[in-house]
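Number of protein chains: 2
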Amino acid sequence: MRPSVNRELIMSEEKKISLQAVQSAVSKLSYGLYIVSSFDGERNNGQLVNTVFQVAAAPPGIAVSLNKNTLTHSFVEKSGLFSVSVLDRDTPMPFIGIFGFKSGHDGRKCEKIVFKTLGGCPAVAENSLAIFTVRVGKKVDMDTHTIFIGAVTAAETLKDGPPLTYAYYKDVKRGKTQKNATTYAAETGEENA
Amino acid sequence: MRPSVNRELIMSEEKKISLQAVQSAVSKLSYGLYIVSSFDGERNNGQLVNTVFQVAAAPPGIAVSLNKNTLTHSFVEKSGLFSVSVLDRDTPMPFIGIFGFKSGHDGRKCEKIVFKTLGGCPAVAENSLAIFTVRVGKKVDMDTHTIFIGAVTAAETLKDGPPLTYAYYKDVKRGKTQKNATTYAAETGEENA
Numbered sequence: 073m074r075p076s077v078n079r080e081l082i083m084s085e086e087k088k089i090s091l092q093a094v095q096s097a098v099s100k101l102s103y104g105l106y107i108v109s110s111f112d113g114e115r116n117n118g119q120l121v122n123t124v125f126q127v128a129a130a131p132p133g134i135a136v137s138l139n140k141n142t143l144t145h146s147f148v149e150k151s152g153l154f155s156v157s158v159l160d161r162d163t164p165m166p167f168i169g170i171f172g173f174k175s176g177h178d179g180r181k182c183e184k185i186v187f188k189t190l191g192g193c194p195a196v197a198e199n200s201l202a203i204f205t206v207r208v209g210k211k212v213d214m215d216t217h218t219i220f221i222g223a224v225t226a227a228e229t230l231k232d233g234p235p236l237t238y239a240y241y242k243d244v245k246r247g248k249t250q251k252n253a254t255t256y257a258a259e260t261g262e263e264n265a
Numbered sequence: 073m074r075p076s077v078n079r080e081l082i083m084s085e086e087k088k089i090s091l092q093a094v095q096s097a098v099s100k101l102s103y104g105l106y107i108v109s110s111f112d113g114e115r116n117n118g119q120l121v122n123t124v125f126q127v128a129a130a131p132p133g134i135a136v137s138l139n140k141n142t143l144t145h146s147f148v149e150k151s152g153l154f155s156v157s158v159l160d161r162d163t164p165m166p167f168i169g170i171f172g173f174k175s176g177h178d179g180r181k182c183e184k185i186v187f188k189t190l191g192g193c194p195a196v197a198e199n200s201l202a203i204f205t206v207r208v209g210k211k212v213d214m215d216t217h218t219i220f221i222g223a224v225t226a227a228e229t230l231k232d233g234p235p236l237t238y239a240y241y242k243d244v245k246r247g248k249t250q251k252n253a254t255t256y257a258a259e260t261g262e263e264n265a
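Chains as they are written, first to last, in our numbering: chain A, 73 to 265; chain B, 73 to 265.
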């Protein structure tokens, strides 16, 4: 057990801590960049996401954190399924822009996208190295976001090559952070995804 | 709602899916590489981890997935705190090896490491770009792993420069995957971390 003196230290440090100091430190974390797609039975929607990670080895468990404002979030809630497309590093910016900078709520942003059905869920195969579908088994409420966690029920590896990372997207492609991203720090004025 | 025909499709696909196909697809996900440290009041321990993620924006929420076999896991269970050290890309392999390839259960692997106390929790500042401490608020049981989720209570940015990524560690530094990692696919015979 931690002695009470340490607890007081933590409490006093918590009061002093600035959001800016936290954002500066956590901005050093590394991520990939993915399209997470889902459906409601009438239409499909996908959005750009950086927080997809493997949380268990056998069977492989996958977690994703989605902002509650997004259409994809409501589709995952309804269907209990989502797919992940691991983007190729050479994915053109206009293609990324379809998923990242336009809201599915405001229009049919994905109506020109050809979705492949994988494990009963739509998945974006274009510009993707691999796609897989996850059935949601657990949800964690994080106020603005929900973490959806589940097992992979279908998977396809499409091609070799380096995946698109968040660092490459920001530093080389000069991409911006969406306001619904967990890593958004209020520096941009972009639209919902 | 999804029509029943789709559900049957999923069920039949689940039967067919091979672990190898899943591992191939999910191996395309991108990660950073970090030291996650904790304590039990008597000693400190840290381990190499690739699954550290920001899961909420305001306040910044952080998730980490730890294998239940590790000493760090039991320390986080006891203390309710963990720190994250974001490693510099130039971190020497022998330094990484201290945390990655030796088990805290089998010896005092960290006794030569100088831990800095940050928010009441030990943190490894050496070779790190940033360090921050998280108080665990939620836990998710993933059988072999536990996902610990919480808010950042203390943070320090130490230096600029590129962070160490899992891809760089594997492709450039020729590092291997620990068997306790969520991304371990039984291709190596390394020791516990």
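These aren't lab readings, by the way, just hints derived from the structure by calculation.
Incorrect hints may appear among the rest.
Note that identical chains are pooled: a pair holds if it fits in a single copy or bridges any two copies.
[As the list claims (entries may be wrong)] Taking lysine-lysine pairs in the DSBU-like style, the calculated list, with each CA pair at most 35 Å apart, reads:
| no. | residue 1 | residue 2 |
| --- | --- | --- |
| 1 | 248 | 184 |
| 2 | 211 | 248 |
| 3 | 150 | 210 |
| 4 | 188 | 231 |
| 5 | 211 | 140 |
| 6 | 211 | 242 |
| 7 | 150 | 140 |
| 8 | 210 | 251 |
| 9 | 242 | 150 |
| 10 | 231 | 150 |
| 11 | 242 | 231 |
| 12 | 211 | 150 |
| 13 | 242 | 210 |
Structure-inconsistent hints, enumerated in ascending order:
Every hint satisfied by this model.
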